[in-house]
Each structure stands twice: as structure tokens, then as C-alpha cells.
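2 protein chains.
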Amino acid sequence: MTMTGPEPLRVAVVGAGEWGKNHVRMFAQLKGARLVMVCDLEEPRLADVRAAHPDVRVTTRYEDVVRDPAVEGVVIASFAAQHYDQARRALEAGKHVLVEKPMTLAPGEAEALVRVARQSGRCLMVGHLLLYHPAVVKMKHLVTSGDVGEPFYLYSQRLNLGRVRNDENALWSFGPHDVAVAVHLFDAEPEVVTAKGEAYLQPGIVDVVFVTLHFPQRKMAHIHLSWLDPHKTRRTTLVGSRKMVVFDDMEPNDKIRIYDKGVDVRPQAVSYEDYLHVRFGDILIPHFGTTEPLRLECQHFLDCVRTGATPLSDGAHGLRVVRILAAAQKSLELDGAPVTVKG
Amino acid sequence: MTMTGPEPLRVAVVGAGEWGKNHVRMFAQLKGARLVMVCDLEEPRLADVRAAHPDVRVTTRYEDVVRDPAVEGVVIASFAAQHYDQARRALEAGKHVLVEKPMTLAPGEAEALVRVARQSGRCLMVGHLLLYHPAVVKMKHLVTSGDVGEPFYLYSQRLNLGRVRNDENALWSFGPHDVAVAVHLFDAEPEVVTAKGEAYLQPGIVDVVFVTLHFPQRKMAHIHLSWLDPHKTRRTTLVGSRKMVVFDDMEPNDKIRIYDKGVDVRPQAVSYEDYLHVRFGDILIPHFGTTEPLRLECQHFLDCVRTGATPLSDGAHGLRVVRILAAAQKSLELDGAPVTVKG
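Sequence lines, in order, name chains A and B. Using my numbering, read the first sequence as starting at 96 and increasing by one per residue. Using my numbering, read the second sequence as starting at 96 and increasing by one per residue.
In short, the hints are calculated from the structure, not lab data. Bear in mind the structure is a predicted one, so any value in this text is a computation, not a measurement. Worth double-checking, as some hints may not be accurate.
[To be verified] Taking CB as the label site, the calculated pair distances span:
id, chain 1, residue 1, chain 2, residue 2, range
1, B, G241, A, P298, 39 to 47 Å
2, B, T402, A, L379, 53 to 61 Å
3, B, E284, A, E286, 28 to 36 Å
4, A, T154, B, G241, 48 to 56 Å
5, B, D343, A, P229, 46 to 54 Å
6, A, E428, B, R162, 52 to 60 Å
7, B, R162, A, D343, 55 to 63 Å
8, B, R145, A, E286, 50 to 58 Å
[Stated by the list, open to error] In silico lysine to aspartate or glutamate, EDC-like type, Cα no more than 16 Å apart, as pairs:
id, chain 1, residue 1, chain 2, residue 2
9, A, K437, A, E286
10, B, K314, A, D430
11, A, K327, B, E286
Glycine included, every Cβ here is placed at the ideal spot set by N, Cα and C.
With these hints in hand, go ahead and build the complete structure from the sequences.
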């Protein structure tokens, strides 16, 4: 008798486009999974899948995914506008679901998905990739360990000059990443959101956005999103009372720098100069894992399905992000007026 | 008979602190000026001036500056709260005035200065140093020549971990620079301003601010100011329809990069992919003068006094900047609500 692990989870991937094809590749590789079906509307993409994975069933009809009892988990990487309907039908059919971000385009839809997942007892996870990025895992650890002190604020830039989308604006396309990271690092929900943006290339499709999230206890996250910029930038700076941490995802290796810099407040000081003492310290470039974040994310999905654990980026987290994005969208439409995030 | 130039302008410098001492140095050097008096409240600073410039009269009383008929021009580098009173008294005494930024702390005071300067027929100039920086002169030229195409938006970061002020917040301390540059490059006044910020180090003194200026025709300027940051940053990015320009003042030499990158909109295209064409082109690092901006600014003041020309950063420009800062301050106090700039 040989030792065998648990049966691999039989997975269908829906949407094999720019990003979805990475899910196809990953679930075809992962030990805990077996890729059994790929669904896409475009025949040439299915032909590519057929060539690379002859055993995998391909289809253009989403019903095939939902109806096939051989499919246990559905990975949804289709257009954002389809996420809600597809995730709901998969959950109702008793499948576990990993849905790409944004989870849905409206908070009501996200709430419905969370409810349906609870009723069906199935795993619902959102593809907030950065939460599984070793650099963000490290940042989160620096926060929870107390290393950065009180986390004051973060700001991030996600800028590009590359793919201009016509199906969603820069807020919904890029925003979920940084909003998810801010909520994760502060472990809180913002109360108020403001967003200012403009549509320079296509009427009505905002391509440059500045978003500010106001969290309780004066914490703040500022997010600059643009696909009309000379620099390809993916950088997040977290400023704490004791340390400052910079995560630059465009750096090939040293993605995180920890600055032992700050301003010490000494309430007992006699003069103003002593009261605020600027501290210039070492810069530490910590070593951490370099595993592909998507692999870690997909593995986490498989682990949660097997053990029944709650994913780090579960439906509740995805709902939080959608609520914030919806508030930001409303603020955009109100030309920057503060909008309360409805919980 | 020998050829002689015009008589040098007899100048008094008021405030010989961190920044004012640069004015002392500059006006002691410039050919068109003669430094005749330095006024400061702190004796040790005056002792330094006395040691370096034995012929220059020093005083702790501002009245001495105003009353001395030998003083023709007054350079005000005192605390911002004193600018209005000192500039007004100097103008009323018939002196030409170069006042440091911010020109005043309230729009009404700035309006009064513009009025008094007009009545007295004297030169009123504000020390918006960046307008005289060769890199900004170059950027302005790229805009007016049509090189960048339609200027869409700019964003700038002015971040530091250094001197923490207790007499003014980050908005009034750093903001005048970037606001002045935005108004100058767009040659327009914003209609609406939003600002979000927090005071992390000292109660009530905002040390991190995000400001957005909305100009007519969808132009936008976003300004990030902080003295609580691991990076010392002074960078402005201007995105136009044809080119993008980055001015990084922390670069020792190549302070400007011109990116021949952009997205061409082709209204006649048949497919979406053809409609928006992303263009990746050369990066040009232009050569331009390296003269110290303060020297150019001070020389401009002397030239304007001599010729009667209107300074680039005249009272009207300074008033515009103060109006915008006041609107941003109000937005800060309203927690980010949009505030109309009153003209």
C-alpha cells in the first residue's frame, strides 16, 4: 500500500485571456489540482488550450462548467461585468469559487455572493493577488509584529503606459489591488473616501485617478492610478511611527526597503527642537521568498477548500473592497466630494 | 569719460535665517545691487552678517528698514505671518518689494498688497523660486512651443524627512512651490480644489497633504506634500497629449527627461486597437542652463525694478497662489470637500 495525498481538486478556468491563461497554466501545474475544463468565448484561445493540454475539455458555453458534476472548483477570470452572475451560478451549483478582482461591480452583488457562499457552504475566494505577494506578507508581518510602530499612512502609485482598456476605468482596473492592500495592512475599513479623476483618452472612461481612503484613528491611504504615464510604477510606501517601508514591485530583486527613520516625539522635552527628534537610521533590505504570487494564491485556494479554512481574501474581504471602490466611483462622479463607505 | 551702468539698487534683506541668509549672500554678490541693511530679530545672526559684510548696517527693528531713505528695495524672508505687514509698510514707504512665499496667509491681505503696489507704482514680486529654475523654464517652453501637445495633467511630490516646522503646516510650507508651478505651466487658475491631510506628529499641524487642483478644460494638478517620508523627493511629471516631461530636482544633473511616449487617438480607426495606439519613443535629456535659480530670481527682481517690467511672479501671481492655498486649507478643514477658488 502506498501513501497517497487527498484527491486533487477538479478545476475549471473561465476566461483564458491575458490574465486567465496564467490560471490555466497554474492549475495545470499544481499538485493539489486537476485542470478539467477551460471556458472562453474565443475559439483561438481554446485552440491554444487544446494544444497545450489535450486532456482538458474546452467550451464556449458557461452552462457546461456549471452543469458538469466533475467540476468541483471554478476559477473565474472573465470580464468583471460577468463575475457576479458566473460566481453565483457556480456557488449555487455547489462549486467552490475563486473569482478574479473586482469580485463584482456593485456592493449589492458582492453581498449576495457572500450570502450564497454561506448558504452553500462552499469556499468563496477573491483573487486579490497582492495579499499573497511575499513582499506584502512581509509588510503585514512588520505591522503585526509592531516593527513599524503605529502605521500612520500609506500611499501607492500604480502607473502604466501600456494597455488602455475600454471595458473598465482605471479605478476598477487597477484600484482593487491597492485598496485590498490598504484594508489588509490597516486591518480596518475606511469610513470616508474621496476620488478625483479625469478621462483624457476616451470620453467617460477615467484613465487618471487619485483616491484617498480615510480610516479610523487618522490612518490614511492615498492611491494614484493611471494608464497614461511615462513610468511603469508599482510602489507602495507605508509610514509608521517607528519605521517606514517601501515595496517597489518593479525592482527585480530588492523589492522591500525598511527605513529606520522617523520623528520621535518626546513629550517631556523642554525645547521644541528636543520635542521632535528626527532620526536617520539604517536601511534594511530583507530577504524573503520569491515564489510567484499567483502560485501562492492558487495554493491557498486549494488549501482552504481542503481544510475548510477561511481564505485571507474571502468574500467578506472582496465585499469590503467593492464597497470602497463603489464609494470612490461615486466620489469621482461627484467631482471629489467625500463619500461615506456603507458597511 | 568712462561708461557706467545704472546705479545699483540699494537693498535691505529682512530675515537672515535658513533661507534669508541666501538672499543676503546673493544681494551682496549681484552687480546690479548693493546690500545696505540686514534686519533680523536674532543677534547671533546679525553678528554673522556683520562679520561677513562689515559695511552693511544691521538692525533688529523693522522700522529702521522702512524709514531709511537709502533703502530702495526690501527683500522679505521673515516668517510668513509677518509678510503682509512688512511688505505693506515697505510699499507704502515707496520701496520695491521682493517677498518670499507664501506672499501672505490670507487672500484679502494679498489683494491689499497688489492694490498698494499699484498705488505706489513700485515693483512687487513674490519669491516663487521654481518659476526661475532653468528646468521649469524649459518645461514652460515645451508647453508654449506645443511640444508636449495638449498639457493634460501634472502631479508632483515634495517629500522630506528633515525639518519639521511648528509655525506652519506642510501645505503652506511646501505647497506654494507646486501650486505656483501648476498655475504657471497651465497658465490658468483652478476652479475647484480638494485637499486631504493628517497631522501625525503635532496636533493640528498637518504634515501629510494630498491636494488636487481642477483647472478648466479638464486639466488637473495633483500635489503630494509631506515632511514625514523616507524619500527626499522633489519631482514633477507633466503628461501631455504628445509628450511627457519629468523634472526631478534631486537628480544632480539630468533633471529633465522628455518621453516621446503617449497614446494617439485616431478617430478614423475601424477597430478599438487601432483607435488608441500606444506609442513608445525615445527619451530625451535636454541640456539647459545650470545657473542657481535664486540668482536668476534676484536678477529678475533687479531687472524689473530698473525697466519697470512686470515680474513673472508678480503680486497677481502671488495672489493667485494664496487664493488656491486658502481654498486648499478650507478643503482640509472640511475633510476633503471640494472648495471653489474665489477669484
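Now for the hints, and whether the structure bears them out:
Taking 39 to 47 Å as the suggested C-beta distance range, the pair G241 (chain B) and P298 (chain A) does not conform, at roughly 23 Å. A beta carbon spacing of about 57 Å between T402 (chain B) and L379 (chain A) agrees with the range 53 to 61 Å that was offered as a hint. E284 (chain B) and E286 (chain A) have their C-beta atoms about 32 Å apart, which keeps the hinted 28 to 36 Å range intact. For T154 (chain A) paired with G241 (chain B), a C-beta distance near 53 Å keeps the hint of 48 to 56 Å intact.
Judged by the Cβ atoms, the range 46 to 54 Å given for D343 (chain B) and P229 (chain A) is violated: they are separated by roughly 30 Å. For the hinted restraint 52 to 60 Å between E428 (chain A) and R162 (chain B), the CB-CB distance of approximately 59 Å keeps it satisfied. A C-beta distance of roughly 58 Å is found between R162 (chain B) and D343 (chain A), which places it inside the suggested range of 55 to 63 Å. Between R145 (chain B) and E286 (chain A), the C-beta spacing of about 57 Å keeps the proposed range 50 to 58 Å intact.
Pair hint K437 (chain A) plus E286 (chain A) holds up; C-alpha atoms about 8 Å apart against a cutoff of 16 Å. Taken as a hint, the K314 (chain B) and D430 (chain A) pair is honoured in the structure, with Cα atoms around 13 Å apart against an allowance of 16 Å. For a cut-off of 16 Å, the pair hint linking K327 (chain A) to E286 (chain B) is broken: about 30 Å separates their Cα positions.
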